[in-house]
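Asks: So the protein lines, in turn, are chains A and B.
According to this note's numbering, the residues represented by the first sequence are 1 to 251, in order.
According to this note's numbering, the residues represented by the second sequence are 1 to 602, in order.
List time: in silico DSS-like cross-link candidates among lysine-lysine, alpha-carbon distance up to 27 angstroms:
id, chain 1, residue 1, chain 2, residue 2
1, B, Lys-322, B, Lys-121
2, B, Lys-146, A, Lys-126
3, B, Lys-414, B, Lys-5
4, B, Lys-5, B, Lys-496
5, B, Lys-121, B, Lys-576
6, A, Lys-232, B, Lys-146
7, A, Lys-120, A, Lys-232
8, B, Lys-496, B, Lys-483
9, B, Lys-322, B, Lys-258
10, A, Lys-120, B, Lys-146
11, B, Lys-107, A, Lys-126
12, A, Lys-126, A, Lys-232
What the hints contain is simulated information worked out from the structure, not anything from laboratory work.
Here the structure is a predicted model, which means the values were calculated and not measured.
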Amino acid sequence: MPASPETIDLDVLRYRPEQDEGPVWQRFAVPYASDMSVLQALQHIKDEQDGSLTFRWSCRMAICGSCGMMVNGRPALACQTFLRDMLPGPVRVEPLAHFPIERDLVVNADDFIRKLESIKPYLIPKSPRSLADGEYLQTPQQLAQFEQYSSCINCMLCYSACPQYGLDDAFTGPGVLALLHRYNADSRDGGRAARMEILNAEEGVWSCTAVGYCSEVCPKHVDPANAVNQNKLNSAMDYFLRFVSPRGASR
Amino acid sequence: MEVIKADVAIVGAGGGGLRAAIAVAERDPQLSIVLVSKVYPMRSHTVAAEGGAAAVTQAHDSLDAHFHDTVAGGDWLCDQDVVEYFVAHSHEEMVQMEHWGCPWNRKADGHVNVRAFGGMKIERTWFAADKSGFHMLHTLFQTSIKYPSIRRLDEHFCVDLVVDEGRVQGVVAIEIATGEFRLVQAKAVIIATGGAGRVFRENTNGGIVTGDGMALAYRHGVPLRDMEFVQYHPTCMPGTGLLFTEACRGEGGFLLNKHGYRYLQDYGLGPADPSPRNKAMELGPRDRLSQAYWHEKREGRTIAGPHGDVVHLDLRHLGEEKLRERLPQICELAVQYLGVDPARQPIPVLPAVHYTMGGIVANGRTAAPLPGLYSVGECSSVGIHGANRLGSNSLTELLVFGKVAGEEAAAYAKTVPHGSAAAVAALADDARGHALAPLAREDGNERTSTLRREMAQSMEDGCGIYRTAAAMQATCDKLAELKERSRRVRLDDRSKGWNTDWLLAIELGYQLDVAQAIVHSALQRCESRGSHQRLDDYEARDDANFLKHSLAYCTGTGAPRIDYGPVTITSSPPGKRAYGAAGEQAEAERLIQQEAIDARVA
Chain A
1 MPASPETIDL
11 DVLRYRPEQD
21 EGPVWQRFAV
31 PYASDMSVLQ
41 ALQHIKDEQD
51 GSLTFRWSCR
61 MAICGSCGMM
71 VNGRPALACQ
81 TFLRDMLPGP
91 VRVEPLAHFP
101 IERDLVVNAD
111 DFIRKLESIK
121 PYLIPKSPRS
131 LADGEYLQTP
141 QQLAQFEQYS
151 SCINCMLCYS
161 ACPQYGLDDA
171 FTGPGVLALL
181 HRYNADSRDG
191 GRAARMEILN
201 AEEGVWSCTA
211 VGYCSEVCPK
221 HVDPANAVNQ
231 NKLNSAMDYF
241 LRFVSPRGAS
251 R
Chain B
1 MEVIKADVAI
11 VGAGGGGLRA
21 AIAVAERDPQ
31 LSIVLVSKVY
41 PMRSHTVAAE
51 GGAAAVTQAH
61 DSLDAHFHDT
71 VAGGDWLCDQ
81 DVVEYFVAHS
91 HEEMVQMEHW
101 GCPWNRKADG
111 HVNVRAFGGM
121 KIERTWFAAD
131 KSGFHMLHTL
141 FQTSIKYPSI
151 RRLDEHFCVD
161 LVVDEGRVQG
171 VVAIEIATGE
181 FRLVQAKAVI
191 IATGGAGRVF
201 RENTNGGIVT
211 GDGMALAYRH
221 GVPLRDMEFV
231 QYHPTCMPGT
241 GLLFTEACRG
251 EGGFLLNKHG
261 YRYLQDYGLG
271 PADPSPRNKA
281 MELGPRDRLS
291 QAYWHEKREG
301 RTIAGPHGDV
311 VHLDLRHLGE
321 EKLRERLPQI
331 CELAVQYLGV
341 DPARQPIPVL
351 PAVHYTMGGI
361 VANGRTAAPL
371 PGLYSVGECS
381 SVGIHGANRL
391 GSNSLTELLV
401 FGKVAGEEAA
411 AYAKTVPHGS
421 AAAVAALADD
431 ARGHALAPLA
441 REDGNERTST
451 LRREMAQSME
461 DGCGIYRTAA
471 AMQATCDKLA
481 ELKERSRRVR
491 LDDRSKGWNT
501 DWLLAIELGY
511 QLDVAQAIVH
521 SALQRCESRG
531 SHQRLDDYEA
541 RDDANFLKHS
551 LAYCTGTGAP
561 RIDYGPVTIT
571 SSPPGKRAYG
581 AAGEQAEAER
591 LIQQEAIDAR
601 VA
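Produce the entire structure from the sequences given, and follow the hints as far as they go.
Replies: Right, dumping it as structure tokens:
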């Protein structure tokens, strides 16, 4: 095995709108350690070299979803991407693709948040229940129907991976469609009809061209591509059944 | 400065802030709510909680048992009336979360499942794999979207509370993306900003956990209570401090020293049953387990590693299938970050700072002594954790007291008008001026990151698992020096928008205030209790002199003044805190005494 290098270079795409006319690359050398993440390398730069370097981060353990960025051209969480896998460098770090850059590695998430809020991402009970009635019964099999889709950390990597979203940001997109499917697939939920309107619109599932890269980059194995495709089936069913049942097939 | 009027302002949109916001909205949809958070709500640190949330659930469990576990676990520094309320309202809050969609783990019959947790006599911890906090936070955030009266100010950094005419009247915040200031003029304010673990070097906390709300309340004269009690979690990742949940042990994991020996049996936690019985061995409380590590290290029985001495968390005997179902995140963390497969190798672990038991003083209804101010969650000291929190009580706390805070703030907001707009705006302008000061400074020569690192190292050196007066005094001196130097920070970044260099400097100010409250409270508590353990002639609990809450008051720029307040005892007089077989013996004696008292009363 070759000896570990003393340092490794990071090429970071900088953009400071108050001083830069457009994005520019800047190279930083950081001390190398085999257990060091790209996030730790960025923290090192900010602490020791240039306090103006700007990026979002918090938990350091791939659960808060803050530190999504492009690493060597691929959407990734900086905290769980390790320098040892990028040798010999340089490591190319850019803001998440398909989103407007606010500054350096920070992108504007407004569109994603607005979409998330639009799809009624909460339980709409099939049969309302009072607290005194206790919990809904739900078997492990019923839980398994949606559990995977509830694991989305809203890191937006899948939006950076999605070619369709890159072409047209009217597309609802993989993460939010997976979340929609999470509630539709929950045995306690009766809100499918209300969500179908969003789903059946052109920007819903039908925009997806089934590339599947979204699932490949998902750090939590949510498999949004699978959720989108299941929704295509549901959406098609709904479309046809609306002719025989005036309120659709959503019950 | 833009002014937004609201009935209730909430700072912090983690579990506590979101639960409070929903409570206000449900109590009265006419009340306007502004929820201010320096990150998007789902980034809040609640997200990182793993193990679960406690509530008495099984037929053979009782509120009395949960009460006694909590009070003894807190080494009798809990306010027992508040613990009574807490245990009585825990279950309904867990059911409420279930009704909102939280994907709790289920038994085959469809009922919610519970798991064992440290210091808990009976299994009562509701869980969603090992991502319970993540699922609770996302459930609360997504549910909050239902309520039109909740207006969010995401990525807004709070720089001050506005206090006028003896009551809190709003908050001042910076929109991070633009650097613009906003005044939220409110009739009531709820602080829900989480803990302050980042003041220590090795910690489990996210970068955002910097004690902001604690410092803001403290600067306005509200004391911070019981700040000396800082929890070390015994099983964390060397180097990063990332957490391996207590549920690893709840599911049956072992802790081994370098001889492969389950050393906890040597610290009054035995017997070493093949699968740990509740409240024994690996299911003892966190303070005792972290202390046992410290002794093992001193005796040379830990294992040297690149990031310090470790012990082994052994999960191999649980089997791959159970690990995948119950502890999937733990397995991923171990594989990705350490290259260790828990099904085949033990995980190297060591203790790291995890939780601040103390916080903004709050009565049992979450109210601060400053009218209109409420607090909930880790930033708050409502009185249930005492000198050591039991795992899985804090997630439940967010719900039970988040609801209380929301309802209390809503009720209060209806009784008062908005104050003078001119007076409030003038105070907000002052706050803006203070916040902008570091940006304008040209003659500084200090880096925020250097001061932060020195602070964190000094806190670890002086306020760790075991403490001495000399080491604590050294940390007090160091913090005073750092505070002085922090007035000479020079920023690399002078931009308005997304200037995190500037915000980190403001956060360092919060951290130094909280750090001072911690170490000065610790220095003056001349006893050992729960997570506060001394090696210098104060090695025993001293109920005669210290069965009382510490209260740290801000005195301006100098050291805090430490005062004390009473602990509320209702039914559990201070007793012997014991675990394992000794704990079972003590528990039996307590029950006999209780029966005798009951018989006399009858």
